[in-house]
Amino acid sequence: NAGVTQTPKFRILKIGQSMTLQCTQDMNHNYMYWYRQDPGMGLKLIYYSVGAGITDKGEVPNGYNVSRSTTEDFPLRLELAAPSQTSVYFCASSPSSGNPDTQYFGPGTRLTVL
Amino acid sequence: ELKVEQNPLFLSMQEGKNYTIYCNYSTTSDRLYWYRQDPGKSLESLFVLLSNGAVKQEGRLMASLDTKARLSTLHITAAVHDLSATYFCAVIRFSGNTPLVFGKGTRLSVIA
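These protein sequence lines map, in sequence, to chains G and C.
Letter by letter, the first sequence follows residues 11 to 124 of the working numbering.
Letter by letter, the second sequence follows residues 4 to 115 of the working numbering.
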């Protein structure tokens, strides 16, 4: 049982480049989330999904897009990378937001935009 | 808007001492979580607190929740070096666009 996996672990982008951060969970969780963590800060929610085909914006969605075609996968797309998007990105999943079970986090992707 | 404040943000404590980390939140919430993060690592769940007066303990850590005061505490007993990490509280409301809102974290350093 791998839990939540993310790829890549590290990436350096040039301004204006695009990339997709991959996230997969094998726990059959309905809810999935993308967060970013800036240095010395807590996590901020970018997007979340309550099930396949359903996504919604979080606190800081600008500059990002997501899709959820399957229960397992929840990729995060950066279309035109900017230095402000330098951060560590965490994907998480949970059975449901109403369930007392907590969210399970992936190992993170450290992104630098130069 | 739901906001979460932790204090202190930095804490250096000696081994064997006791201390408390505080987490205040601004509006009614449905659930409160405590997480631990080691440097360069992901977040590890510590506690989920569901209702007023809830208390949970694991080893040297004990978390409590007072929903009337909108306050949760994480108490550390007889600190050891292995507890050095950043501790986050997070609060959830089941309505709105922000299902989980995090505090900025408390960076704990336990020194001999």
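For the record, the hints were derived by calculation from the structure and aren't laboratory data.
One or more hints might be untrue.
[What the hints assert, rightly or not] On the chain G side, residues computed to face chain C include the following (Cβ under 10 Å): (1) V14; (2) Q16; (3) P18; (4) L53.
Even for Gly, the Cβ is constructed at its ideal location relative to N, Cα and C.
Structure-based check of each hint:
| no. | hint | result |
| --- | --- | --- |
| 1 | V14 | holds, 9 Å |
| 2 | Q16 | holds, 9 Å |
| 3 | P18 | violated, 15 Å |
| 4 | L53 | holds, 5 Å |
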